[in-house]
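J.: Residue strings, one per chain:
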Amino acid sequence: MTETNLKIRSIKNIIFRTIIIGVALLAILPLFFIIFYVIKEGLSAINWEFISSVAKPIGESGGGILSALVGSSILIVIAVIIAIPIGISAGLYISEHSDSKLSSMIRLSVEVLQGTPSIVIGIIGYFWFVKPMGHFSALSGGIALALMMLPMIVKTAEETLRMIPFSLKEASLALGVPYYKTILKVILPAGLSGIMTGVIIGIARIAGETAPLLFTAFGNAFFSTNILKPIDSLPLLIFNYATSPYTDWHKMAWGASTVLIFFILILNITTRIIVNKWKIKY
Amino acid sequence: MENQILTTENLFAHYGDIDTIKNVNVSFPKNSITAIMGPSGCGKTTFLRCLNRMHELTPNAGSRGKIILHDEDLNKLEPIEVRRKIGMVFQRPNPFPTMTIYDNVIAGYKLNGIRKKRIEFDHIVEDSLKKAGLWEEVKNNLHKKGSFLSGGQQQRLCIARALAVNPEIILMDEPTSALDPIATKIIEELIVELKNTVTVIMVTHNLAQAGRVSDYTAFFYLGDLLEFGQTEKVFTNPKNEITEKFLTGKIG
Ligand SMILES: Nc1ncnc2c1ncn2[C@@H]1O[C@H](COP(=O)(O)OP(=O)(O)OP(=O)(O)O)[C@@H](O)[C@H]1O
Ligand SMILES: [Mg+2]
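Taken in order, these protein sequences are the chains called A and B. Each residue of the first sequence is one higher than the last, beginning at 1 in the numbering used here. Each residue of the second sequence is one higher than the last, beginning at 1 in the numbering used here.
One or more of the hints may lead you astray.
To be verified - Pairs of lysine-lysine residues, derived as PhoX-like cross-links and limited to a Cα-Cα distance of at most 20 Å, are as follows:
1) LYS169(A) to LYS101(A)
2) LYS281(A) to LYS145(B)
3) LYS144(B) to LYS30(B)
4) LYS279(A) to LYS116(B)
5) LYS185(A) to LYS251(A)
6) LYS131(B) to LYS277(A)
7) LYS116(B) to LYS181(A)
8) LYS245(B) to LYS169(A)
9) LYS131(B) to LYS281(A)
10) LYS116(B) to LYS185(A)
11) LYS185(A) to LYS233(B)
12) LYS245(B) to LYS233(B)
13) LYS279(A) to LYS169(A)
14) LYS279(A) to LYS30(B)
15) LYS110(B) to LYS169(A)
16) LYS130(B) to LYS144(B)
17) LYS144(B) to LYS185(A)
18) LYS144(B) to LYS277(A)
19) LYS130(B) to LYS185(A)
20) LYS181(A) to LYS144(B)
None of these hints come from the bench; they were simulated from the model. Computed from a predicted model, the values in this text were never measured in an experiment.
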């Protein structure tokens, strides 16, 4: 090969690399732009009062998003309490019996559920829970969110548990440990970090959901912790404030958006930490 | 004979409807080491797993015939009891990755929900690790996870875990095949030591290892037990033609 040939090659390489990097940057640019913009608008709204007090009536300045923060927390806790046992059991079942009919049915349902638009989940929550109960409630909102996060948990639980080598189960069975104890005390603990990751990603996914809550939790202008009553949440608050005609409220919507983004960011960082720190070597 | 600890009578084992182990009758003497040999796929692992009733856990698998421990029929005991009396060490070291070294050793108690006083457990841990020749290396790290141990150390941890429940017999399926020569040597020496406390039945592919370690050799071929006897005799003067071919490297 001649000198010039080599040179042309390396120039081609450089051009190619530049293009790839440029396109990659282009892809993350919108993300940075959004985060930058939200923080720029929202950060100035955030202070102690914003986080720790409830909304003031229209016209009065000040006030905060405490009811939405508490409401979101309650909704997430309800969703997690419902989705974790169901999700882990389903994931465990399909990882243990991957060939069974029931497993393929569960897998299909999970796919369908994951593809279901969140507004449809909201409507389902409305007809199944809100209507029979006769009013909007945090409980129905939590159930709708649980449905939203269920596929994530089932999938990560299955993948994690399936990765656990069979030799580990054998080690336990060879010590005379019954099957169910082997699952509870050996297999699930070995999969804990993976399952936790799934749960946290699931939480990050539902934290910003608005559509399912419109029909279920509905929102509440007042502070409430009663799970049988309507409850406010961050995304609902952002929706209501941002579509209102008041500039004060717009500012609060930006502030709440910033809080929400930081919350989700922290969740994502937490999963990274769990994945790295709790990594299990077999 | 007087000192037989484990005997199989007309033992058959199958996967689906294929018999993998065919009519095996053998008696293992107490406090001895038996090497199970034979070409790949002849049923060594299957036979070994019958002996502590692990075989029946495989889907569609089962066995017929009798296995007698002292004078008790294994099939009449609870599997949990069988596996406490007859421990197992696997080809690849498989310590529990979520547990500390200490908890790994007493896993047979902890996982089965058997409670004991702290000092008793301390004693069991020290004793088992000493028997497994691992105590000196880990005594200052008992409460760390076992995953930083080398492969050979992990395998000795697994042996300690098997010893901790005071089994009468330990089954080993190619316990050194995943290890380097030095770790292998340590484990071989350990197995010879173990003879004082337990009876060892081990599968090995390594003729030299069988020669160094075992008192008895059982030779399997296509699911039949072709030959069983003192290793010396089997090695120097095999009765069966196929055994001889195997020993001279013509098959296997
Ligand atoms: N889970 C299983 N399902 C069906 N057949 C099996 C299963 N495990 C083993 N077999 C078959 O049973 C026969 C004996 O297998 P086994 O594992 O006992 O042989 P082995 O002597 O231990 O071989 P190796 O020396 O390679 O470990 C083989 O023909 C194998 O294909
Ligand atoms: Mg084998």
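J.: Would you mind marking each hint as holding or not holding in the structure?
T.: Here is how each hint holds up against the structure:
1. LYS169(A) to LYS101(A): 23 Å, violated
2. LYS281(A) to LYS145(B): The hint holds at about 10 Å.
3. LYS144(B) to LYS30(B): 36 Å, violated
4. LYS279(A) to LYS116(B): Measuring from Cα to Cα gives roughly 31 Å; hence the hint is violated.
5. LYS185(A) to LYS251(A): Violated: LYS185(A) and LYS251(A) sit about 50 Å apart, past 20 Å.
6. LYS131(B) to LYS277(A): Status violated; Cα separation ~33 Å.
7. LYS116(B) to LYS181(A): 19 Å, holds
8. LYS245(B) to LYS169(A): Roughly 38 Å between the alpha carbons, so the hint for LYS245(B) and LYS169(A) is violated.
9. LYS131(B) to LYS281(A): Status violated; Cα separation ~26 Å.
10. LYS116(B) to LYS185(A): 18 Å, holds
11. LYS185(A) to LYS233(B): Violated, at about 47 Å.
12. LYS245(B) to LYS233(B): 15 Å, holds
13. LYS279(A) to LYS169(A): 18 Å, holds
14. LYS279(A) to LYS30(B): 43 Å, violated
15. LYS110(B) to LYS169(A): With a Cα-Cα distance of about 15 Å, the restraint between LYS110(B) and LYS169(A) holds, given a limit of 20 Å.
16. LYS130(B) to LYS144(B): It holds: about 18 Å lies between the C-alpha atoms, which stays within 20 Å.
17. LYS144(B) to LYS185(A): 18 Å, holds
18. LYS144(B) to LYS277(A): 15 Å, holds
19. LYS130(B) to LYS185(A): Distance of about 27 Å is beyond 20 Å: violated.
20. LYS181(A) to LYS144(B): The given pair, whose Cα atoms are some 23 Å apart, is violated under the 20 Å limit.
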